[in-house]
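Q: Given next are the chains, with one letter for each unit.
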Amino acid sequence: MTEKLHSYVEKLKEHNSEWVSEVREAFGEVTAVVPAAAVADICRFLRDEQQFNLLADICGADNGPEEDPRFEVNYHLFSTIHHNRIRLKVLLSEDSPVVPTVTGVWRTADWHERETYDLFGVNFEGHPDLRRILLPSEFDGHALRKDFPLRGYEPYSMN
Amino acid sequence: MRPRLLKPVLQTFMSTSVENFPGIELLDQPLESQMTLSMGPQHPSTHGVLRLDLRLDGELVIKAVPDIGYLHTGMEKLFEYKKYQQGIVITDRMDYLNPLGNNLAYVMAAEKLLGLEIPERAQVIRVLMCELQRIASHMVWFGTSCLDMGAMTPFWFTFKEREKILNIIESASGGRMTPSYFRIGGLMMDLPAGFENRVKQFLENFPDALDTFDKLITGNTIWQSRTMGIGVISAEDAIDWGLTGPCLRGSGVDLDLRRDNPYTGYETYDFEVPTEPDGDVWSRFKVRMRELVESYKIVRQALERLKPGPVKADAPKVVLPDRDDMRKHMDSLIHHFLIVAEGFNVPPGEVYLPIEASKGELGVYMRSNGGPKPDRVHFRGPSFINLSALPVMSQGEMIADVVAIIGSLDIVLGEIDR
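Keeping their order, the protein sequence lines are chains B and X.
If you read the first sequence in our numbering, its first letter stands for residue 1, the second for the next number, and so on.
If you read the second sequence in our numbering, its first letter stands for residue 1001, the second for the next number, and so on.
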């Protein structure tokens, strides 16, 4: 099963050897660690050439304030044709949590990226409407970062 | 000088603002042909607390901007502070119409990390309960979406059927809306005596109920003219917008994770995946109606497969021991104490586990750092993504059709806002 998944990553590598910096395999899932700057091109290539036509999910993760790279953004790609899944992972340092947007590839990325921006403070460069989605616009901080306390910095009130 | 009525209200009470949304002016100019209407968050047709900013030209919708977050409770943050087994009860509160589906996705993600083998009987019961839950969830969708469009009668019939299912779920788990019946490694406990008869009784009457729904609504010309050709989304657009579940199948894309990425033994059941080609409200309606029949078929097959056997995996360090064992065996008592007091360690790693919930692909991204609490849990809620396509579906429709489209998307705000 995973040979098939590896073959997609191999094709990525063949197309551009700088696109895949590391391949991880665990629990029957294959993860390709990709450079942040190229993620939109990689997604477009996978959609057009490898039939990964559905973006299932984008989710951020925080490794903790003392780690470098601190943030991760995971792209879960799915194909409605061959029904395989692949995960792209982008590693980001705390100083410049910036990724190019993939809204130009899939429009569904709009809300996924807004959610990641809202909760982790990852900036998606080129996103047409990057603003908070779940939390109020005047909210201070990014709630899913590890250094954000569970109950927030101060009692939040709506007035 | 234009009246600034909406602005101060927005700043103080609205959870997210649309002030900087391109092309949207918040000011209401009643004498001009275009106006902005804030629909919700208390509007009954929004199925919870969804707010829509509608830019209208007369009754035509030029642009619809959903505004969510009113029900945000920080569940994904909470998971990181709770042990794996404690997280199950949080999942109940996400999609509260399909709690067993949420339980299943969560426990299966943890089981994948742990590498647990689930006994056959537990798998069959999981399928059985999930399909009953899917029927219950579709009953709420059917009743409320008809109610939104002014057809009040079906609501009472569907909630009667749903009540029967909730009673069945309650008899097994003790909870109606928040069952938490699936646990990591199996089930909370085995089915109670007489459970099979309860399900059989329900199944006996269900085809008649389906007939009633058909007679009430499907052939109704008012219903058909309210739904046909409304809220159309093409197959390419539906995939582009990430739609899944009945909404995607209503656009003619033949995709069902139960068949295409099978889990809990769905590949061994005999069922069809209904699709409709048109991509309008009517298609999504028909897909769900046909799905009810398929779920009914799966429940019947699962009922036949129920054979006595264990319902918990053989993993004493993860699965709580039986009460009886604890009284007799020292090691069971120790395991019980350790699981409750300290939790169990999960090997480090990350998984993404998708299931076909009643509303679409419910994916759980779970990352462990080796401890008893997850490092990150993310839910890919199908309602969240399906709702994001509402602007493209409702463009150029009437306000009353927006209500029909929201109903056809079958959203649950608990899952959208998390």
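Hints may contain errors.
Derived coverage of chain X by chain B (criterion: at least 3 residues anywhere in the stretch with Cβ under 8 Å from a Cβ of chain B; other residues may be distant) [said to hold, decoys possible]:
#1 1065-1077
#2 1234-1241
#3 1381-1388
According to the in silico footprint, chain X covers these stretches of chain B (three or more CB under 8 Å from chain X) [what the hints assert, rightly or not]:
#4 17-31
#5 42-53
#6 71-83
#7 105-111
#8 127-139
Hint data in this document are derived by calculation from the structure and do not stem from the laboratory.
Where is the CB? At the ideal position from N, CA and C, for every residue including glycine.
Q: Among all the numbered hints in the text so far, which are the ones the structure does not match?
A: 5
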